[in-house]
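Chemist: Sequence:
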Amino acid sequence: MPLIDVMISVCGKPFQTSLALMSLERECGRHIDKIYFVEENTKSQNIDAGSHEWVLDQLKDKIVHFVPTRWNYCFPLEADKLADTDYRHSVRYQYGWEMSDKDHVLVIHNDVYFHGDVVAAMLDNIGDSICLGHVGQCWYCPAAFAGKCASDRHLEYRPDFDELNRLYKTTRAPEGYNTRAYFKPTWDDRFVRQPWPLPECRVNEWCALVALHKARKLTVPHGRVVPFGAIIGVGKQIQDVSCQWFREMHHRGQVCRNFDIYKYMHHDVPPTGQATLITKDRYADKELEALERLKAEFGFVAQG
Numbered sequence: 001m002p003l004i005d006v007m008i009s010v011c012g013k014p015f016q017t018s019l020a021l022m023s024l025e026r027e028c029g030r031h032i033d034k035i036y037f038v039e040e041n042t043k044s045q046n047i048d049a050g051s052h053e054w055v056l057d058q059l060k061d062k063i064v065h066f067v068p069t070r071w072n073y074c075f076p077l078e079a080d081k082l083a084d085t086d087y088r089h090s091v092r093y094q095y096g097w098e099m100s101d102k103d104h105v106l107v108i109h110n111d112v113y114f115h116g117d118v119v120a121a122m123l124d125n126i127g128d129s130i131c132l133g134h135v136g137q138c139w140y141c142p143a144a145f146a147g148k149c150a151s152d153r154h155l156e157y158r159p160d161f162d163e164l165n166r167l168y169k170t171t172r173a174p175e176g177y178n179t180r181a182y183f184k185p186t187w188d189d190r191f192v193r194q195p196w197p198l199p200e201c202r203v204n205e206w207c208a209l210v211a212l213h214k215a216r217k218l219t220v221p222h223g224r225v226v227p228f229g230a231i232i233g234v235g236k237q238i239q240d241v242s243c244q245w246f247r248e249m250h251h252r253g254q255v256c257r258n259f260d261i262y263k264y265m266h267h268d269v270p271p272t273g274q275a276t277l278i279t280k281d282r283y284a285d286k287e288l289e290a291l292e293r294l295k296a297e298f299g300f301v302a303q304g
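Those letters in the sequence shown? Residues 1 to 304, by this note's numbering.
If you're looking for bench data, these hints aren't it; they were derived computationally from the structure. Among the hints, erroneous ones may be present.
What follows is a list of derived Cβ distance ranges for each label pair [said to hold, decoys possible]:
1) K43 - E163: 46 to 52 Å
2) R158 - D57: 48 to 54 Å
3) Y73 - G127: 32 to 38 Å
4) D57 - P174: 28 to 34 Å
For glycine and all other residues, C-beta sits at the position ideal for the given N, C-alpha and C.
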């Protein structure tokens, strides 16, 4: 089985990051060559997000550690800056995307936990797809709430714009869920011209296998498709990471497919990563939980 590279974008969460990478190495390490560890440059804004020294040392034979010159956080893509290498490499996952020479790369979050060989399973199942993983932010999508679409049916349900508009304006989200109001103040023309794939369709990037030998030539800087990690501003809303990449790839005849990653790993669904990052008590609880697992499973000993 050919080796892959891993791409991870890291902002804080040092214990969760360590657990993500150590559990990945334990379960899938024989398939992995390099790990492109891109640490977001929070220090450029005088924010100390913690030290990753322990895991960088533990996996030093595989990790390529890179800190972009700027911190892009969750800001929408500035497409007119994509010719600037420094700017482009501040977009999530893009540095590893451009540096890797592998046919396939695994994109992961820094708040996941692996308990099975997800890499072998995904390589066995990707076939001719350009990306494999959990498809769709269905927890935001009115088509999912209405029972018209699901992760395994995103290729089948293709509404015209009038139907998409009706769905967003008339479908009530279940209690505890919500939709992004893409129609306020008005729909972005990209959805009017081409309503499919739906706005919340993507391969969720907490565990996604990309056929880089196909995607590389189509994606910036070699092609015209936006970076995989780009967040796109649409009116007063955003399209989340990889949504626009997903749309543009399907418009070019490529296919992303759904795969049950949760047989092999854990990530909260709906995701809680951003809420955890900005909520002090929740952040501390998740870090403590990860620390206890690191001690129990990987012999972590605090330094100093």
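Chemist: Falls inside 46 to 52 Å, the C-beta gap from K43 to E163?
Modeler: Holds - the Cβ-Cβ distance for K43 and E163, about 47 Å, lies within 46 to 52 Å.
Chemist: Tell me if the beta carbons of Y73 and G127 are separated by a distance inside 32 to 38 Å.
Modeler: holds (35 Å)
Chemist: Quick one: are R158 and D57 within 48 to 54 Å, going by C-beta?
Modeler: Distance hint for R158, D57 holds at roughly 49 Å.
Chemist: Taking the CB of D57 and the CB of P174, does the distance hold inside 28 to 34 Å?
Modeler: Violated: the Cβ-Cβ distance is about 45 Å, outside 28 to 34 Å.
Consistency with the previously given hints fails for number 4 only.
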